[in-house]
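Chemist: Line order of the protein sequences matches chains A and B.
All the letters of the first sequence, read from the start, carry residue numbers 1 to 207 under my numbering.
All the letters of the second sequence, read from the start, carry residue numbers 208 to 429 under my numbering.
For the record, the hints were derived by calculation from the structure and aren't laboratory data.
Note that the structure is predicted; figures quoted are calculated from it, not measured.
Some clues are possibly wrong.
Think about it this way: if two alpha-carbon atoms lie no more than 20 Å apart in a straight line, the pair counts; the simulated SDA-like pairs of lysine to any residue are [as the list claims (entries may be wrong)]: (1) Lys242(B) / Arg71(A); (2) Lys127(A) / Val238(B); (3) Lys31(A) / Arg350(B); (4) Lys31(A) / Thr309(B); (5) Lys127(A) / Arg350(B); (6) Lys69(A) / Ala175(A); (7) Lys31(A) / Ala282(B); (8) Lys127(A) / Gly215(B); (9) Lys127(A) / Glu254(B); (10) Lys184(A) / Glu172(A); (11) Lys31(A) / Ala286(B); (12) Lys127(A) / Ile304(B); (13) Lys154(A) / Glu402(B); (14) Lys57(A) / Lys154(A); (15) Lys154(A) / Ile304(B); (16) Lys127(A) / Asp222(B); (17) Lys31(A) / Ile304(B); (18) Lys127(A) / Cys111(A); (19) Lys31(A) / Gly215(B); (20) Lys242(B) / Asp37(A); (21) Lys57(A) / Arg71(A); (22) Lys69(A) / Leu199(A); (23) Lys31(A) / Ala287(B); (24) Lys154(A) / Asp222(B).
The following residues of chain A were derived to be distant from chain B, with all beta-carbon distances above 10 Å [stated by the list, open to error]: (25) Glu82; (26) Gly178; (27) Glu187; (28) Thr204.
All C-beta atoms in this analysis are idealised placements derived from N, C-alpha and C, irrespective of residue type, glycine included.
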Amino acid sequence: MSGDHDHDHHPEPESYAAVRARALESLLVEKGLVTTDAIDEIVRTYEHDIGPMNGAKVVARAWVDSGYKRRLLENGTEAIAELGFGGAEGAEIVVLESTPQVHNVIVCTLCSCYPWPVLGLPPTWYKDAAYRSRVVREPRAVLREFGLEVDESKEIRVWDSTASLRYMVLPERPAGTGDLPAEKLAELVTRDSMIGVGLARSRTEIA
Amino acid sequence: MGGVPGYGRVEPEADEPVFHSEWEGRVFGLVTSVKGGLSRPRLESLEPDEYLSGYYQRWMLAFERGLMARGALDAEELAAKTEHFRQHPDARPTRRIDPALTARVRAGMYRQRDVRQTPAQPPRFTVGDGVRAHKIQHGGHTRSPGYVQGKRGVIHTVYAAYDLPDDSPGGEATPPQHLYSVRFEGLELWGDSAEPGTAVHIDMWEGYLEPVESRSAERSDG
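With the sequences and hints as input, model every part of the structure.
Modeler: And the structure:
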């Protein structure tokens, strides 16, 4: 085992799932269908290299570069590839701009489709029944549970990614950040703001 | 499960790790690198308690069954191996290292796939067209969510054409179809219980949709 998992602990007698997973890995390795180091590499990549820090760079670049933003909204996949991101679950990425008039939020009610190259693997709540069943019917109530109150004058647009496309939200740029460079702006961009259940942080939150 | 009541509050976890325990990461690695195991139809064919058992639990179950269905895995050998590891908590899975394969797996994670297809026909609908989502009768796998079937919406975006993963009634292959983002107003979907100023935009293949007249025209028809 690679041994670099910082949450690699076994607090209790092993769960059945953990035992079953070891049996399954062992059999598939013995059958020559997979190798130990390939699995190590996949785990390492999604724990360290592919995550919301990628999407944050995309958003920050769009905030400072209007030409990039235009390309991003026209063809998300290509503009995201300009920054070196792409791959599994990212064949077609559509970027949704939230504005003072429209707040966008993403969901997959059928399973848990999610734009891996820019956001990494989805959090558990995104995959759970509560979010998937409720956000299409009562998005304002769900966002309130995340601490986000959206004024009733603002439309909430829920995007249910049921097919070949994956969506990410371009959140509104926080006020008073005109002087910040893209690297600092990226620190304001949270995963939740790119799903649409939160806003980008204000600069005082990272000071 | 869009719109289905009864699931309670959303419970975000602060500073959630990518994998909650080691086995989740191993299952993720297995499922994404061994082809022909996991599929959405197979996930949806799990029993309700199996489906709700947790994300990687259901992945593992559906993956095992997918491999068994194609003869790559045998239920008895898996049961025997599981019992072996249950009795030997310190035993590790068999190891095999292949740097060349790992390099290919790594490249695969970043490979950009072109999933756009060439359709036989131009798109049937244009932006602004009124549509109704069919009620899907065949009971097989479909990517048309139940909560919009029978509801009226408007074409918001015309996308490219893509392969359709649905089961067809006769099991025959379905040619690629144009995909649309269809806008459904909250009021249309949920009636009086809808929250104000909300709408759902859903990706739908052309075959899920039929044209409808505008609302005012329908009203005047009585």
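Chemist: Now, for every hint given, state plainly whether the structure supports it.
Modeler: Hints versus structure:
Between Lys242(B) and Arg71(A) the alpha-carbon distance is near 34 Å, which puts this suggested pair outside the 20 Å criterion. Between Lys127(A) and Val238(B), the direct Cα distance comes to roughly 17 Å. Compliance with the 20 Å bound is thereby established for this hinted pair. For the given pair, Lys31(A) sits about 34 Å from Arg350(B) by alpha-carbon distance, which is inconsistent with the 20 Å threshold. At roughly 17 Å between alpha-carbon atoms, Lys31(A) and Thr309(B) fall within 20 Å of each other, so this suggested pair holds.
With a C-alpha separation of about 17 Å, the suggested pair Lys127(A) and Arg350(B) falls inside the 20 Å cut-off, and the hint holds. Simply put, Lys69(A) and Ala175(A) have alpha-carbon atoms about 18 Å apart, close enough for the 20 Å limit, and the pair holds. The hinted pair formed by Lys31(A) and Ala282(B) meets the criterion: a straight-line CA distance of about 14 Å does not exceed 20 Å. Simply put, Lys127(A) and Gly215(B) have alpha-carbon atoms about 14 Å apart, close enough for the 20 Å limit, and the pair holds.
For the hint pairing Lys127(A) with Glu254(B), the CA-to-CA distance comes to about 17 Å; that is within 20 Å, so the pair holds. Among the hinted pairs, Lys184(A) with Glu172(A) is consistent with the structure: their alpha-carbon atoms are about 15 Å apart, no more than 20 Å. Proposed proximity of Lys31(A) and Ala286(B) is supported: the alpha carbons are some 16 Å apart, at most 20 Å. A C-alpha spacing of about 33 Å is found between Lys127(A) and Ile304(B), which places the hinted pair above 20 Å, so the restraint is violated.
At roughly 12 Å between alpha-carbon atoms, Lys154(A) and Glu402(B) fall within 20 Å of each other, so this suggested pair holds. Restraint check for Lys57(A) and Lys154(A): the C-alpha separation of about 27 Å exceeds 20 Å, so the hint is violated. With a C-alpha separation of about 55 Å, the suggested pair Lys154(A) and Ile304(B) falls outside the 20 Å cut-off, and the hint is violated. Taking the CA atoms of Lys127(A) and Asp222(B), the gap is about 16 Å. The hint holds against a cut of 20 Å.
The hinted pair formed by Lys31(A) and Ile304(B) meets the criterion: a straight-line CA distance of about 13 Å does not exceed 20 Å. Between Lys127(A) and Cys111(A) the CA atoms are separated by roughly 7 Å; this keeps the pair inside 20 Å, and the hint holds. As the CA atoms of Lys31(A) and Gly215(B) are separated by approximately 43 Å, the hinted pair breaks the 20 Å bound. Between Lys242(B) and Asp37(A), the direct Cα distance comes to roughly 17 Å. Compliance with the 20 Å bound is thereby established for this hinted pair.
A distance of roughly 15 Å separates the Cα atoms of Lys57(A) and Arg71(A); the hinted pair therefore holds under the 20 Å criterion. Distance check on the hinted pair: Lys69(A) and Leu199(A) sit about 18 Å apart at the alpha-carbon level, within 20 Å; holds. At most 20 Å may separate the alpha-carbon atoms for a hinted pair to count; Lys31(A) and Ala287(B) meet this at roughly 15 Å. Taking the CA atoms of Lys154(A) and Asp222(B), the gap is about 30 Å. The hint is violated against a cut of 20 Å.
Separation of Glu82(A) from chain B is adequate, the least Cβ-Cβ distance of about 12 Å exceeding the 10 Å criterion. With a closest Cβ-Cβ approach of about 30 Å to chain B, Gly178(A) is found to remain outside the 10 Å limit, as its non-interface label requires. Residue placement check: Glu187(A) keeps its beta carbon more than 10 Å from all beta carbons of chain B (closest about 16 Å). Against chain B, the non-interface label of Thr204(A) holds: every CB pair exceeds 10 Å, the least being about 20 Å.
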